[in-house]
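Enquirer: Order-wise, the sequence lines are chains P and L.
Following the working numbering, the numbering of the first sequence begins with 6 at its first residue and continues without gaps.
Following the working numbering, the numbering of the second sequence begins with 29 at its first residue and continues without gaps.
By construction, these hints were calculated from the structure, which means they are not laboratory data.
Only a predicted model underlies this, so the values are computations on that prediction, with no experimental measurement involved.
Hints may contain errors.
Listed below are several chain L residues computed to face chain P (Cβ distance under 7 angstroms; list not exhaustive) [stated by the list, open to error]: (1) 61; (2) 162; (3) 163; (4) 164; (5) 165; (6) 169; (7) 214; (8) 218.
Quick reminder that beta carbons are idealized off the backbone N, C-alpha and C, glycines included.
Each chain, written out:
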Amino acid sequence: MRFRSICFLILLQIALLVLMTHTPLSILGYALLPSTVILESRADFESMANDLNKRGLKAHAPAAIVGRSGVKHEFAFALIPDAGKAQVVVDTELSVKEVDEMKVLKFYVKVYDVNPKKAILCVTPKLGARASTLAKEYGITVLEDDVPRNLISMAEKVVNETLGAASK
Amino acid sequence: MKGAKHRIFPLHYDPSKKLFHIVVKLSDAPGSYSSVLDILRTRVNLIGTSTYTLSDGTAIFSGFSEALSARETGEGIRKLILGSKAAIEATVHEGSQGLLLDTFHDGFAVDSEAYVLLRRGDLAHMFDRVSRILGSGGDALLYEEGRAMSQWNVESLAKKFGIERFREKGSILYRMMSTQGWGDVEGRLGPGKGEFTMVVSDCSECSGEGTPRKECSFMRGYFAGSAYAIHGREFDVKETKCGFKGGKACEFRLTPQ
Numbered sequence: 006m007r008f009r010s011i012c013f014l015i016l017l018q019i020a021l022l023v024l025m026t027h028t029p030l031s032i033l034g035y036a037l038l039p040s041t042v043i044l045e046s047r048a049d050f051e052s053m054a055n056d057l058n059k060r061g062l063k064a065h066a067p068a069a070i071v072g073r074s075g076v077k078h079e080f081a082f083a084l085i086p087d088a089g090k091a092q093v094v095v096d097t098e099l100s101v102k103e104v105d106e107m108k109v110l111k112f113y114v115k116v117y118d119v120n121p122k123k124a125i126l127c128v129t130p131k132l133g134a135r136a137s138t139l140a141k142e143y144g145i146t147v148l149e150d151d152v153p154r155n156l157i158s159m160a161e162k163v164v165n166e167t168l169g170a171a172s173k
Numbered sequence: 029m030k031g032a033k034h035r036i037f038p039l040h041y042d043p044s045k046k047l048f049h050i051v052v053k054l055s056d057a058p059g060s061y062s063s064v065l066d067i068l069r070t071r072v073n074l075i076g077t078s079t080y081t082l083s084d085g086t087a088i089f090s091g092f093s094e095a096l097s098a099r100e101t102g103e104g105i106r107k108l109i110l111g112s113k114a115a116i117e118a119t120v121h122e123g124s125q126g127l128l129l130d131t132f133h134d135g136f137a138v139d140s141e142a143y144v145l146l147r148r149g150d151l152a153h154m155f156d157r158v159s160r161i162l163g164s165g166g167d168a169l170l171y172e173e174g175r176a177m178s179q180w181n182v183e184s185l186a187k188k189f190g191i192e193r194f195r196e197k198g199s200i201l202y203r204m205m206s207t208q209g210w211g212d213v214e215g216r217l218g219p220g221k222g223e224f225t226m227v228v229s230d231c232s233e234c235s236g237e238g239t240p241r242k243e244c245s246f247m248r249g250y251f252a253g254s255a256y257a258i259h260g261r262e263f264d265v266k267e268t269k270c271g272f273k274g275g276k277a278c279e280f281r282l283t284p285q
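Could you build the full structure based on these sequences and the hints that come with them?
Expert: Written as C-alpha cells, this is what we have:
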C-alpha cells in the first residue's frame, strides 16, 4: 500500500514538473511540489528509522525532542539512544530555489537547544552562499541534492558513519 | 487606593489643544516648586508633571500642559516663570499640530541607571516575529534571552542591595517587575515542597493580538534566570496557565531541580 502511495507521489511529482511551463498551472506546480516531496521524504525517513530500530538503535521519524529550554522541537529524524538525549538530528529543507540562511538559522536554534552530537540538514536543491557559510560556522553537516529522495541514503550514510565513530 | 499604570510624558497628542512643554530649573529654597505651580495655574492646565533633584541641590520641574487661552505663547509663559525668584532657568517648547514632544530629556534614568522605554506592543511584536521566523527554536531562543536578562539583572541589583534581601523577600523582585511593566506579578510558595508559583496578570508577553504563539517563553526564562540568581540553583519552570491559551493570567510553577 505504501509502495503504491510513493509511486503515486512520484508520478504526481513528474506530472507537476512537466506542467511547470509558463502557464497558470506552473504556479500550482510550484505550490504543490514542496509538500509532495516532503510527504515522500517523510515516508523514507520512517523506513530509515525502522531499519535502524531493527538493529537495536532508537531512531524516530518524525521525532519530537524537548530541549534544554523546555520547548518541544520536531525533527524529520533523530537517533535518541539515551532517554531524551539526541545523538543525531536530521531536518529537511526542500525548495524549488536556493535555500536561504534563515532556514539554517531556524535549524540551528533547535539544534542549539537539543545539543546533539551530529546535526544534519538535507537540502534540495542547495544552500545559498551565505547560508552555506553560516551552516559551516554552526558545525551543521549539510547534504545537498536536486533529487530529494537521494538525500535519504546520503543521510543514512552519515548517520552510520557517526554511529561507527561513536562505537570506536 | 488601587494601583495604576505610571503615566509618563515623552509625548502627548491632542489636536484640539495648544500644548506646551515647560521645563524649569528650580532653586533649592523651600517652596520653589509650589511657587512655580502657583504662577502657572493661571495660564495653563498641567496634564503631566515630574520633578527631580540634581546633584547640585537644585531641581528640575518638567510639565506637559494645555494653554487656557488660544493666544498663549511659549515666550509669554517663559517670561512669567522667570519673574519668580524660584526659577533659575526656564525653557518652554510648543507642540505642533497637536503633537507635543519632550525635547529636553535625552533618555530615562532609574536610580542613575539608563533605561530604554518601549511600547509593550512593539515587544510582543518582536517576540512574535522571532517565533514566526524560527519556529519552536524561536521560543527556545526567547527562553534563553529571558533567562540571561533576568540573571544578569538580579546579579547586578544584588551587588547594590545585597542578595540576602532578595532571598528573604522575593516580593522585591515581583514589585520591580510590576513597576517596570512586565505585568502585575505576584508570587507564593508551593504547591510542592521547595516550589514557587508565580502569577502574572496583564502579562506583557501575551498582550499582543493575532499571534500563533502558545506560551510565554521569555517570561518562563525570566523566572528561571532570576530564581537561579537568587537561590543559586537550577529551577525547572513550567507555564501552567497562559493568556495565549485564553487564561486570565499566566501562571508559572518553579520546581527545584
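Enquirer: Interface hint check: residue 61 of chain L, Cβ to nearest Cβ on chain P, cutoff 7 angstroms. Holds or violated?
Expert: violated (50 angstroms)
Enquirer: Would you check whether residue 214 of chain L satisfies its interface hint, that is, whether its CB is within less than 7 angstroms of any CB in chain P?
Expert: violated (22 angstroms)
Enquirer: A closest beta-carbon separation below 7 angstroms is what the hint needs, so does residue 164 of chain L meet it against chain P?
Expert: holds (5 angstroms)
Enquirer: Min Cβ distance, residue 162 of chain L to chain P: is it shorter than 7 angstroms?
Expert: Holds. Min distance 5 angstroms.
Enquirer: So, as I understand it, the hint says residue 163 of chain L touches chain P; can you test that by seeing if any CB pair is closer than 7 angstroms?
Expert: holds (6 angstroms)
Enquirer: Hold the hint about residue 218 of chain L up to the distance rule: shortest CB distance to chain P must be less than 7 angstroms.
Expert: Hint violated; residue 218 of chain L Cβ to chain P Cβ min 20 angstroms, cut 7 angstroms.
Enquirer: Please verify that hint: residue 165 of chain L, Cβ, nearest Cβ of chain P, below 7 angstroms or not.
Expert: holds (3 angstroms)
Enquirer: Once the shortest beta carbon distance from residue 169 of chain L to chain P is found, is it less than 7 angstroms?
Expert: holds (5 angstroms)
Checked against the numbered hints above, the structure violates hints 1, 7, 8; every other hint is satisfied.
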